[in-house]
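Since the structure of chain H is already known, use the hints to place chain E on it.
2 protein chains.
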Amino acid sequence: MSINVIEGGVTAAKGFKASCTAAGIKYQGRTDMAMVYSEAPCTSAGVYTSNVVKAAPVIWDKEVTKGNVPVRAIVVNAGVANACTGKQGLDYCEQTAEAVSKALNVDKKGVIIGSTGVIGRQLPIDRIVAGVDVLAKSLESGVEAGTKASKAIMTTDTVNKEVAVTFTVGGKTVTMGGMAKGSGMIHPNMCTMLAYVSTDCAISKELLQEALSEDVEETFNMISVDGDTSTNDTLVVLANGLAGNEIIDKKGADYDTFKEALHYINEYLAKHMAADGEGATTLLEVKVVGAGTKAQAKKIAKSVICSSLTKAAIYGRDSNWGRIICAMGYSGAGFDPDKVSIWYEAAGKKMLIVENGMDAGYSEEEATELLKNESVTVIADLHEGSECATAWGCDLTYDYVKINADYRS
Amino acid sequence: MSINVIEGGVTAAKGFKASCTAAGIKYQGRTDMAMVYSEAPCTSAGVYTSNVVKAAPVIWDKEVTKGNVPVRAIVVNAGVANACTGKQGLDYCEQTAEAVSKALNVDKKGVIIGSTGVIGRQLPIDRIVAGVDVLAKSLESGVEAGTKASKAIMTTDTVNKEVAVTFTVGGKTVTMGGMAKGSGMIHPNMCTMLAYVSTDCAISKELLQEALSEDVEETFNMISVDGDTSTNDTLVVLANGLAGNEIIDKKGADYDTFKEALHYINEYLAKHMAADGEGATTLLEVKVVGAGTKAQAKKIAKSVICSSLTKAAIYGRDSNWGRIICAMGYSGAGFDPDKVSIWYEAAGKKMLIVENGMDAGYSEEEATELLKNESVTVIADLHEGSECATAWGCDLTYDYVKINADYRS
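Chains as they are written, first to last, in our numbering: chain H, 1 to 409; chain E, 1 to 409.
One thing to keep in mind: the hints can contain errors.
25 Å max Cα-Cα, derived DSS-like pairs, lysine-lysine [claimed, not checked]:
(1) E:Lys137 - H:Lys402
(2) H:Lys205 - H:Lys62
(3) E:Lys148 - E:Lys137
(4) E:Lys137 - H:Lys339
(5) H:Lys287 - H:Lys349
(6) H:Lys339 - E:Lys62
(7) E:Lys339 - H:Lys62
(8) H:Lys66 - H:Lys108
(9) E:Lys299 - H:Lys299
(10) E:Lys402 - H:Lys372
The hints are simulated quantities; they were obtained by calculation from the structure and are not laboratory data. All figures in this text were calculated on a predicted structure; none of them were measured in a lab.
Here chain H stands alone, though its shape is the one from the complex (with noise of 0.2 Å):
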């Protein structure tokens, strides 16, 4: 591997700094709006939910992404979605991105909004506009300061996400580090996810959007906590040039380098997000190898962490395949249930529990302590060819109940 993981995150590459305020959005005595600024004027790409209904800042953020106003600031707020507001919520988008635009001095088409929260409320736009200005005043460079804002974007997460990476383009070690929040509503087609990724790589905006685009399919299109498409997905990637290596503007080295890069983030943050998934106490992964075509591998991988009853059993440490085998048949794609294998592996230690489609023979009682686990992988060969998937979930359990009975309280 040619990148190496260092501490950090959103600020972690060259000129990036970030700020986080208590602006009294819904909640009490936390944080709950965060900015990201570049000191450079950022190339930006973007991924966006695929949900009909999409929230307002979506709606915007798609428009700055996809236009050539380079991007200098993100802000977000937890608390409220900014979805289903009509005209509305997108004029305060646009107030939003004023404030910011005056507080720091850059165009407001280069500002980056992100909301996550309750859908259906207005924005309380006083508190969002002076909250703008606390977070334009108070930027900081430095770990702390990105570990801050990706706390100050948390809704029912238990843990905030961040990860960094540094790599090499053209003799030039470039930095690339990310945050992101999610925990309920989560199956991105491209989750109330939001996710931010910076870095100081200089790299063409067709080059940037296509690894993105590429990159998602394989990493947070994978994973669910709860197979609901949140009308707030936002991934959106940002790149400075401040590292200095000559611009990547052609497929090559320095390319499959960035997307390695890209791909580490994406995929730890994803991760992340599926193992925090509300109320979730194991991080389920779920491997389909020696697939007839990738699309079928991805098919029935999502399939399977996306089963309510095989959540539940993995919840309770059950070992009841017949909840997996039963999922993958379901996924719509097709295969041959006499042929397949399932072992389950955690902690170093691999167990065969299904051979030819019947019970291998195994014993439940090894079963149900290897699926103690905190983090399980079911591996499931399809014995038909060669290709595979692997898709990230969690477990069902009360508290995903008890969140979601009651969140807007």
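Relative to the frame of chain H, chain E by itself:
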């Protein structure tokens, strides 16, 4: 309506008898096998799971209802699903049918077999065969026998499901009744749903299958408890002709009346299955109206009843309509979110919640009160056309997780 609802179930129609026994398949202290027998040979039709992984009895029954041997008996066990059991599982189906054939002096190719319970275990065939003998000797006519049979096939069901109607065909009174089980792994495309309908109507095999295949799209295929499509879903209709009506062998008024009766039976059983979903406290009915096409209305209605977040909110009596419109939005069917109206309806009261895709300014307290009903209808108007569809589901509760975290023990 030209049909009359009467007391009874699978033994309501002329010539149908039933029995049950405690064969000790898995449960202690309860009945777990049932038999239905027709004194006259039956025309049959069936619809089955679309899961690639099909239980052995599904494979067996498909041959039976496709074939030309008249059906005389149904035998069902609860506790073990006989799915993922390979050739052994199919052999056990044949042995069961042979036991029925011997005990009742009927053709084994005219025996319908149903199994429901844990996937991946082999049937205790000796107990099944012994059970068949007891069942054959204890067949009885009358409402009570049908009710007992409907109780014997339950797994995590909390109530038995049966219904019967009469209607008139060519001056003759015809009776139709049915029983069903199903509570978890319910997302029929065709669920661990087993349903059996019996009628004394005379009708051709072609029209019986056509009526069934069409109606299931509007009834059983429009319910979901957990989104998991079982390996065992089976719905079989038997028609023995003992009502003495002139056979229905072409479309017309008689066929329409028959379809109306079948629809009543199917919708009743499907709705009661949804209401008895594992852990459920509320029946959630979702009606999409004003749609441009039927397919669009069905996709949207199903997406809402399958949304874990919507289901958890209903359990919490939380009018979190953002989750409803979000689920509509990721359904895969297009519509204009800015035109959508949403109402709640229960116990004769109707409340406007969303207008033009935004909060209609309703009272949260009144909405919470309304959501406390045992049966709640969500009506979503797309204001696009005149097509509509209805789907049925239930809330997501602690008990769903409890039941499924430790189903096998």
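Evaluated hints:
Simply put, Lys137 (chain E) and Lys402 (chain H) have alpha-carbon atoms about 50 Å apart, too far for the 25 Å limit, and the pair is violated. Annotation: proposed proximity of Lys205 (chain H) to Lys62 (chain H) holds, straight-line Cα distance about 14 Å (limit 25 Å). Distance hint between Lys148 (chain E) and Lys137 (chain E) is fulfilled; the C-alpha atoms sit about 15 Å from each other, no more than 25 Å. Between Lys137 (chain E) and Lys339 (chain H) the CA atoms are separated by roughly 41 Å; this puts the pair beyond 25 Å, and the hint is violated.
The straight-line distance between the Cα atoms of Lys287 (chain H) and Lys349 (chain H) is roughly 16 Å, inside the 25 Å bound, and the hint therefore holds. Note on Lys339 (chain H) and Lys62 (chain E): the hinted pairing holds, with a Cα-Cα distance of about 22 Å set against a maximum of 25 Å. For the given pair, Lys339 (chain E) sits about 22 Å from Lys62 (chain H) by alpha-carbon distance, which is consistent with the 25 Å threshold. As the CA atoms of Lys66 (chain H) and Lys108 (chain H) are separated by approximately 14 Å, the hinted pair is consistent with the 25 Å bound.
For the given pair, Lys299 (chain E) sits about 19 Å from Lys299 (chain H) by alpha-carbon distance, which is consistent with the 25 Å threshold. Among the hinted pairs, Lys402 (chain E) with Lys372 (chain H) is consistent with the structure: their alpha-carbon atoms are about 17 Å apart, no more than 25 Å.
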